[in-house]
Amino acid sequence: MHTIYYLVLVPMVYAAFAVFIVGSIVRMIKILRTPKHPTTLQIFPKKEPAWLHALSDTFLMPTVLKHNPLLWVFLVLFHGAVLLLVIGHLELFSDFALFQIIPHEVFIGKGLVGLTAAVSLLYFLFRRFTSPVRDISVAEDYYLLILLFLTVIFGSEMDWARRWYDYDVMGVDAYRTYLWSLITFQPQVPDEILFSGHSFMLVLHVFFANIFLMVFPFSKIMHTFFALPVNKLRRG
Amino acid sequence: MDAKTRDDLLQLFQSKLNRAMTYYLETCTRCGVCTTACHVYQSMPQAKYIAAYRAEIVRRIYKKYFKGQGKVWPSYGEAKELTEMALEELYEAAYSCTGCRRCMVYCPFGIDTQMIMSIAKLLLVGAHAEPEILTLLADTSIEKGKSIEFFKEGFLQGVKNLEQQVVEKWKLEAEGKTVIPVDVEGADLLYVALAGAHSIIPAAAVFNAAGENWTLSFFEAVNFGAFVGDPTKTKLILDRIVNEAKRLKVKEVCICECGTAYRVMKQLSGKQPFEVSSVTEVHARYIREGRIKLDKSRFQGPVTYHDPCQIARNGGILEEPRYILQHLTDDYREMAPDPRYNYCCGGGGGLVALGEETLDFRMKSARVKAEQVQKTGAAILATACENCHTQLENLNHHYKLGMNVQFLTSMVADALVI
Amino acid sequence: MSNAIQADKVMDLKGLPCPMPVVKVSKGIKEVEVGQILEAQTTDPGSLTDFPAWARTSGNEIVDTIQENGVIRIFIKRNV
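Chains as they are written, first to last, in this note's numbering: chain A, 1276 to 1511; chain B, 257 to 674; chain C, 129 to 208.
Same shape as in the complex, but just chain A:
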């Protein structure tokens, strides 16, 4: 069993990041090497400066706010939560003064960030079961939401256990040892992580996260990188 744990926590993590990074870069380069569209694709009336409006379209999603406010609320909550989760994970490497502008205890968000993400994901999933969104959905849409939900729920459970139920075997120090060992290519998994009662949660969290990273470059999640350039096309 612990061999499997180890495989998920070390070699699979390396594999996942390799696929994610190389895959994303190769795909981006391939697309950037295709010829530009010969004509403008903007819609009018044109607003200047176009790049500023493209940024606002990308990060504030005004069209969603206008046509589906409830979806917009969940989209903002979800994407905001994802951003905080990324920050939270960076802080599992070490302290960053920048992130501590608002002083907080690692992991950021008092456990509410993961909860927000999980609830948003459930909303996204359940709205896909009803028409008309159901009619335009393909299997990928469900797989990705379920995969993300599983990743978030197992990740958050560890945070919740520490914060709300005083479970203190697996702490920030253990994560820092583990993650630093990975990033310095001297992999070492502390006993707290491999042998504690909550190890299976961490392993499942990492397992689903690995799969997500490996699917990322080949799925619609690439909208992370494409949203801005594609919005720029509309703004001219």
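What the hints contain is simulated information worked out from the structure, not anything from laboratory work. Don't take every hint at face value.
Coverage of chain B stretches by chain A, computed from C-beta distances (three or more under 8 Å per stretch; other residues unrestricted) [claimed, not checked]:
#1 318 to 329
#2 362 to 376
Within a straight-line C-alpha distance of at most 20 Å, the following computed SDA-like cross-link-like pairs (lysine to any residue) qualify [said to hold, decoys possible]:
#3 B:Lys425 <-> C:Asn197
#4 A:Lys1321 <-> B:Val361
#5 B:Lys327 <-> A:Ala1414
#6 A:Lys1321 <-> B:Tyr597
#7 B:Lys491 <-> B:Leu268
#8 C:Lys142 <-> B:Leu418
Here the structure is a predicted model, which means the values were calculated and not measured. Using N, Cα and C, we set each Cβ at its ideal position, and we do this for glycine too.
Using the hints provided, position chains B and C relative to the given structure of chain A.
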């Protein structure tokens, strides 16, 4: 479908995969925000009329042949093989889309469904499954470009016959002056009309009233190559006019009231020694410069204006028609929602050119347009596109709107103070 | 008038919007037999270039064109 045909079609598909197209195909998250964007869906709420659904029909074939997932795990993205049946689906998707790009205003990414549909249209052309009549019309236009010398005499005679009507109606001084000049080298402006007299006579009246140094093109403006989605033919049809403009050394090419023609000429002709303008822009300019005067009392009752999608949302001509209308009426009624969200008339993308064949669909799918027009309470419905005009006229009849559907140029010509 | 070719079918296309004259003629030509004559009446000068170009593309033949009193009469022989 045999392997050779499929390979040929996939080659065509590949030819469309430039950077923008790849973004459009890769980025959609199927969030469903576009659901209510399409006038067809609003009039007939069926999933197949949702923009994302239409696009997904093309995207599934893309996943099958141009993405690893289509080979490794086709069911993941529901990748689809290119078969005869797939072609039928592509046909239905492409020819129930008018290319108005209203969905683009809704999409959080700004995905251009019209552009994705251009893949569907090109595949249909490649499989000889496109609407035959559109190809015939495109070929006719190209033929005309090849052998213009052959037809010249007849055309000049036909134009001569129209001149008299212009002179009579507008009491213009015609002595020693050509009322409808053709083939004039060194003219300032080349006017590209449609085949119909209604597209030439009023325009001629306005040009002459404004003292424009103009010349009429031998060719009709409309580009059926664009309607049928054939890039080669689109270019050939466009080049006839570009070459004529260069030969005559004109400074400006003015496109008549035809949405497709304007957008294709404006955006696809590339850098040329001449400017491209729509006749609406030119008329607005004449008014602004005081070169023509209009009589406001000529038209009675409230007036509304339908923005042709290819001219307004996709071409940027929004202020000019409104400026002209200020000089034609004191009771102008803007449609709601505003031009950015204006509904397509329901006749774009070649549907009007397909005539009675598409009439039933056009009437049913444009119910929201009819309602939008009706809500203004206007008596006169003006527009600046032949396609829209035909469709609006059909809607007027079908939904018994009791409106007077007018070309904006005709209104300008009729209200001229000479 | 009297010296005009006798048509087997006459179509009134006067004042139709673009591109209906050509669309209607392509349909109308199918309603006469090969070798018979279709007469299209129009007022649009564009037809004077459109119809010959269409005839070449579709393999039919314009046998005569008469312009009188502002009306253009085009006589088309069905060849295919």
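Going down the list of hints, with the structure as the test:
no. : hint                   : result
1   : 318 to 329             : holds (count 3)
2   : 362 to 376             : holds (count 8)
3   : B:Lys425 <-> C:Asn197  : holds, 16 Å
4   : A:Lys1321 <-> B:Val361 : holds, 12 Å
5   : B:Lys327 <-> A:Ala1414 : holds, 16 Å
6   : A:Lys1321 <-> B:Tyr597 : holds, 14 Å
7   : B:Lys491 <-> B:Leu268  : holds, 16 Å
8   : C:Lys142 <-> B:Leu418  : holds, 14 Å
No hint from the list above goes unmet by this structure.
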